[in-house]
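Participant: Read off the chains here:
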Amino acid sequence: MVKWSIIAVCMVPVCAGLAGVFLPAFGWFPLYGKSDFTFDIIGHLVSRAGFLHSIWLSIFTALFSTFIAYWLCIFILIYSQHFSYHYWLRKVIAPLIAVPHVTMAVGILFLIQPSGWWFRIISPWLTGWQTPANLNIVPDLYGFSLVLGLVVKELPFLLLVGFAILKQTNISGYGQISRSLGYGPVSSWFHFIHPLIAVRLRLCVLIVLCFAVSVVDMALILAPSTPAPLAVKIFSWYQEPEIEPQFFAAAGSVYLLIIAAFCCGIWLLFGWGVGYIFRLFSFYGVRFSSGWRIAKLVQIGVLFSAALILLIGILGLLSAAIWAFADIWYFPNMLPQKWGVSAWENGYNTYVSLALNSFIIGFTVSMLALISAIIWLEIPHKPVLKITDFFIYVPLLLPQAGFLFGMQILIIWLNIDGLLFTVIWAHYLFVFPYILLTLGPIWRRFDIRYELMGASLGLGKLAILWRVKMPMLAVPIITAFSIGFAVSCALYLPTIFAGNGHFLTLTTEAVTLAANASRQALGIAAILQMLLPLIIFSAAGIYLKLRFRRYRYFRIAD
Amino acid sequence: MGIFIHKIFPRLLLAIGFCMTLVVCSISVVSAAEDHGYEMLEEKALGQEVSFNAWGGSPAINNYIQWVARQVDERYGIRLKHIKLTNTSQAVSRILAEKVAGRTENGSVDLLWVNGENFSRMINAGLLQKDSWAFELPSFRYVNSEKMPDIISDFGVSTNGLESPWGRGQFVFGYDSQIVDTVPNSANKLANWIKNNPGKFAYPQPPDFTGTSFLKQVLFELIEDQMALYQNTNQVNASELLAPLWQWLDDLHPYLWRSGKIFPSNYSHLVRLLGDKEIAFAMAFNPAEFALGVEQGILPATIKSFIFDKGALSNVHFVAIPFNADAPEAAKITANFLLSPEAQLYKANIKMWGDPTVLDLDLLPDEWRREFSSLPQHPSMVSVEQLQKIIPEPHPSWVKLIEEEWQKRYAAGG
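Chains P and Z supply the protein sequences, listed in that same order. With the working numbering as the guide, the letters of the first sequence map in order to residues 1 to 558. With the working numbering as the guide, the letters of the second sequence map in order to residues 1 to 414.
It cannot be assumed that every hint is accurate.
To be verified - In silico SDA-like cross-links for lysine to any residue, where the CA-CA straight-line distance does not exceed 20 Å: (1) Z:Lys195 - P:Leu135; (2) Z:Lys408 - P:Lys34; (3) Z:Lys400 - P:Ile41; (4) Z:Lys400 - P:Ala49; (5) Z:Lys261 - P:Gly50; (6) Z:Lys408 - P:Glu244; (7) P:Lys34 - Z:Gly102; (8) Z:Lys400 - P:Leu135.
Quick caveat, the hints were computed from the structure, so don't treat them as lab data.
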């Protein structure tokens, strides 16, 4: 029963959203005077100038960025077993996860563009530039800046999930076995531990991949625009006041779904290929046991690039933060000529109430989504319900503008628009899949013997959940909650659409501020957006530390 | 009374509206509606909440709207709520969704800041109030649609009183006087400057509004038969008429910022690049834009503005009331206040927003005219006399054609 109500809560708006995309894509939109089903629009798009190039950009940036983020993540997980930078690393990645993509994009743009911070630091004494040079650095024509931006955001997310997974895997046990069989440290990882982690991480990686296909806000800033990736094109079609582009946008969304599926297919095929190769190595007994030197080189390379990527992220955020307190800061000064808070004066008294709104919505939504995710995972799955799993992830895959339009009609028809409840519902659709995603793979692979042990000691089902499973899974649960909170905080369109613009949050304020020409306003927007999620992340960390400090199990392997 | 309000009153309004339209058509300059009709509106508007959907990206404009909110609250007991949009199409699609879902009253938008394509899209989808309410507003008497035809013709689409004029946008350039010695105030001079200073000029990528406007502004100079621009593109040989524009751009793109391979995404991006000194020019649709930027410290004081010698592309922006507005009476009162000399004066002040008035100063009472002529000037702003040179917006069909052709030529990759 509970399960069916979760399905209803998710499915009904999702179906409405899907209808809002698919019907116009095939030419059905009576209000615009078109009500015949046709494949013309879908067909016409391919012949539009630059369309195929857009598709190529979307595929390339998504696959390339996910590839880099995934393998860096895997290697960092490997090496983190041997070193104690673990603790430090977790501190660094928290803010990177907490900030929305668009904030990160703004930070990176300011850091590396020809008039950016990096060049301000080395100009004019090193470069001799009094005015910025005309370099095609960011955005570049091939999408590398977007790839960089995506990696900076996705690597920390995968690492966070990866750490939570490691907690649930008996790594040292496998490590001892593999070494006793003569495998080197890295190859033992690939033979024994990578398969275990890959399975648990797979869904997360696919979502990261799909996100990269459909990302708009970051791509608007970092991707090339001649032409732009498909998701950006769809976004701008939806923004156009004319009617015809609305149909293009809908049809483009269908292509976007196909591209997402295609990329997932490639990724799975690739994963299968890697697995096959390692099975061949196993079969022929190739152990790489003597490859210590190469392993060392790989290690240095990986750690260096990972450090560089994380550094870019952190410095980008730092530069945005500096801008918020810069009254005047022109090229080529390394730091602002005049510090001040004048940009904050426009409506600082509202920031508190905005933050309160963000907090209330974010906390309620994440709590609800967490509870329903646990219920969802606890109730055994019937095969029929497997399909519904897919539908839960649909809101993350479709372009928000089109998806929300269909949903909005439903909301208005139900006469519940502009209510807090509706905003929470709309957020739930986006937060629930993320929480399920981060929690599910770990939850489903929880060692059932703990539950059996609990049962043999006379605990009921609920008591096992409450007193055994949840405490042992505290790290992933709280991680999932924090991620859900960060996702909710960053949502812009759902807040506006469901709330009729009456519910203002830090993000709605930040997005309107970001439309402003002043970089000070951008800086403030960035700070507003990173503040709350960061507080939640830190609070979660402190809570875990205090609550479980007596138990060795919860200490991160060190 | 109930019957009166729900049945007769709207018809009465409609009738008045109809009469007023006739009046407008015949004499152009419109006098106010009967005062008692307006008082009725005020009575109904008392205590209503107006949700005013307006672009919210500029603190100056937001502050101005806050001022308006205080004024209408004090005077009419209207609670004005500014719903900040990042793009007007957000609100248009919300109203559209309401129409699809069959909500004919209690709509979420009462007043919408709109013009051009969004307006014509709303007309086509039947999303606006049916009566010509805008012509009945008392403040409309200070408007001179004979002198400024674009006040009742929004990008060539007749407003029919479905939207009330609010302000005027004029296409101005900003430039860094440290880099630029003499102002290149024509398309040819600009082309020469760009070739002599490679990498220092950019324009926002069409279909961005400012970017397309730049192309229209240039087209206006390159084209011989300017009147053709006021006809539908399918009535003239458009591709031949556009050829000089593409030639002009083909010549210049290699000399643009990032060699014309990457374009700034919108005018905000452009202004940021100007502040960073990556480029020497920017453009905007508000004559006070660069003065405001200097005041706020976004731009250095060396930034000045100019317009092309032939005149500045110019259009009017409006406020409209959706068909299902929850508080149409209060929305009308607000629109009337926005058009009043007092609100227009405050808006035109560079210390506030600097948006030029849509009122005809000659029609104003003397004391208001004096107030308008003694508005403060700013060194970074184009003088009021210069701004008199107006180029009205071409027929809207040109926008679509220019944007599509541009897309094909310069944004298809390869």
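Participant: Run every hint past the structure and note whether it holds.
Facilitator: Evaluation of the provided hints:
1. The straight-line distance between the Cα atoms of Z:Lys195 and P:Leu135 is roughly 17 Å, inside the 20 Å bound, and the hint therefore holds.
2. Restraint check for Z:Lys408 and P:Lys34: the C-alpha separation of about 27 Å exceeds 20 Å, so the hint is violated.
3. At most 20 Å may separate the alpha-carbon atoms for a hinted pair to count; Z:Lys400 and P:Ile41 meet this at roughly 18 Å.
4. With a C-alpha separation of about 15 Å, the suggested pair Z:Lys400 and P:Ala49 falls inside the 20 Å cut-off, and the hint holds.
5. With a CA separation close to 14 Å, the supplied pair Z:Lys261 and P:Gly50 stays within the 20 Å bound.
6. A C-alpha spacing of about 17 Å is found between Z:Lys408 and P:Glu244, which places the hinted pair at or below 20 Å, so the restraint holds.
7. Simply put, P:Lys34 and Z:Gly102 have alpha-carbon atoms about 18 Å apart, close enough for the 20 Å limit, and the pair holds.
8. As the CA atoms of Z:Lys400 and P:Leu135 are separated by approximately 32 Å, the hinted pair breaks the 20 Å bound.
The structure fails hints 2, 8 (numbered hints given earlier, in ascending order).
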